[in-house]
Amino acid sequence: MVLELAKPRPIWQIMFSTHHTDVGLLYTIMSIAFFFLGGALALGIRAELFLPGSQIIGDSMTFNRMFTVHGTTLIFLFLLPFASAVGNYFVPIMVRYKDMAYPKLNAIAFWMIPPGGALIWLGFADFSWYATPPYSAISAPGPAADMWIFGLKILGVSSVLGSINFVVTILKCKHPDLPLSKVPLLAWSFLSSSLIVLVAIPSFAAALVMLLTDRLGVTGFFDPAKGGDPIAYQHLFWFTFHPEVYVLVIPAIGMMYEIIPRFSRRPIFSQSSGIFAFVVLSIVGFSSWAHHMYATGMSFTEKTVFMVGTLAAAPASAMHVFNFIATMWGARMRFATPMMWSVGGIALFFSAGAGGVANAAMPFDFITHDSYWVVGHFHLFVMGTIAFGSIGFLYYMFPYITGRMYNETMGKIHFIMSFIGTVMVFFTQHVLGLYGMPRRVFDYMPLPEYIIMNQITSVGAMIIGASMALWLFNMLYSSAKGKEANMDDPWGLGGKYYYPHQAKTPHH
Amino acid sequence: MSGHSNWPEWIYVAVVICLLTYVGAEAWNVERIVEHTPAEAEVIKVTGQQWFWTFEHEDGTKEVGELHLKKGKPYKFEITAKDVNHSFNIHDYVVLQDAIVGRLNTVWFAPDKAGEYTIQCREYCGLLHYNMRATLYVEE
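From first to last, the protein sequence lines stand for chains A and B. For the first sequence, numbering that gives the first Met the number 0 gives the first residue as 0, with consecutive numbering after it. For the second sequence, numbering that gives the first Met the number 0 gives the first residue as 0, with consecutive numbering after it.
No lab work stands behind these hints, which were simulated from the structure alone. Misleading hints may appear alongside valid ones.
Partial chain B-side listing against chain A, Cβ under 10 Å, derived [to be verified]: (1) Pro7; (2) Ile16; (3) Glu25; (4) Thr117; (5) Tyr129.
Listed below are several chain A residues computed to face chain B (Cβ distance under 7 Å; list not exhaustive) [unchecked claim]: (6) Pro133; (7) Ser272; (8) Thr295; (9) Phe365; (10) Gly435; (11) Val440.
We put the CB at the ideal spot given by N, CA and C, even for glycine.
Working from the sequences, and respecting the hints, build out all of it.
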């Protein structure tokens, strides 16, 4: 049994452990810590934009550094490590193996993240997470920019190591009696997303090295003055990071595949269509990267190809939504906190996807590109879908990590406030984009419609902030003083669980 | 695998694919029409640099931070950048094209209403990106 807090152990025993649930616990704690750090930056950004002119942040450079570190932190130090946390807890159990395939490699992959995160936070670069040259190569101030490059390099290696581990664990360490088609969808989601990482990451890894040598002045890969091409960077970048969107979203969908049937008290509508949709998504995810680049002067043919590639990803995502709804249809559902987060996440996933289809249409993209529409659109994925799925799943794991139950009322209030806040912030940002407000701006024109929409957004962000403070309190308080959980069935749902609870005692 | 039949899901997927095909075809058609630059369009050379816009008319006159155009005439912008990437945007007329160092991107439009419009930078370009604006004056 793995009740990390119920049976207190010295902290060093967890830190130097290679057992998958211990590494999972480290991933969980670290990613949630970075979630609050990155979220605090978001609140700073929203406070600044509450009114036109300078509010709480003195100069635009500080503001630019804040949104850069906000984005980098929440993508690379919250979303990705949190997915790894869940994978570490569940994948070995779901494939019925004693641990990850390479336990030491697993611990190494985790311990690469703190130095990477430290480089990003101590440097505080300003070129946005996109880091596009020539700005990042010739204009962005060092050493912040160089520290960011090294930080991302380390995080990229960590991500590749983690992915190799998941792929080998699932394909090679799976119990011989368990056919791949019967492996639960949560584990399937880690197989798909890990394979995407292995194919996608190398191109950005190369771009980072090229960017660094460009900055050092020894090469000119992206510098037109030396015969380079800044557009090449954008291709290399998006070839990694469009598929990376699926790397983030697929595990969150996998978490919902664990929660939705559990709280609907029936099996998933179709396991095979879930697997099919994961596989399709991880293949067509590679056909759409340049839809981020319509405005760079692409030819009509190129734009058409990438529009078709982008639209091709929609049916697979829609199949997931169908699968969830069909599972819940007429079921005896129990809206405990994890279920509320999952259902809310699916609703926002649908909205985000609908916005994505609109955005893929070439003429419309020239209205929305680099405007607040895009900010609202991708935040509906990263916050509305992935963070919602992750937070719900942490509530789901809570009794099994701590041996105690979280406070259900606080959990529900947390969800309702966050949902309202998310809708206020990100739906409003879509409209703000249609009115032409550019993204990544420290200040905006004092038009009445800009002001009112920015204020709605900022108030929504503060509501989210307050709800997250409540969550933090609930987690800390309940892990020490909460009611003891009924470990066999914490929500009284009946049926069989896949839980760390069932794992054997860790071998330290 | 669950034993039940899965036909509702396949019908649903077919409907989704039909909708997407419609969106794609319509977008393709609109973009094809929008991209067709009229032959008589007057060329305006646009240069973005940190953190202002320079415009050069066909007759060689240069304007910085403002652009004067005639109502009802088509114009073709030839856009480039001097230092880092920018993005040339007149939101009211859905004119948007990146200004890339070492490249010449083109986009055209024909203003149909006299007045003042904001030209802004839509691609992050550093310290004063937020304030990299110019004014378009459309005259009768």
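Practice item. Give me the numbers of the hints this structure contradicts, sorted from smallest to largest. Key: none
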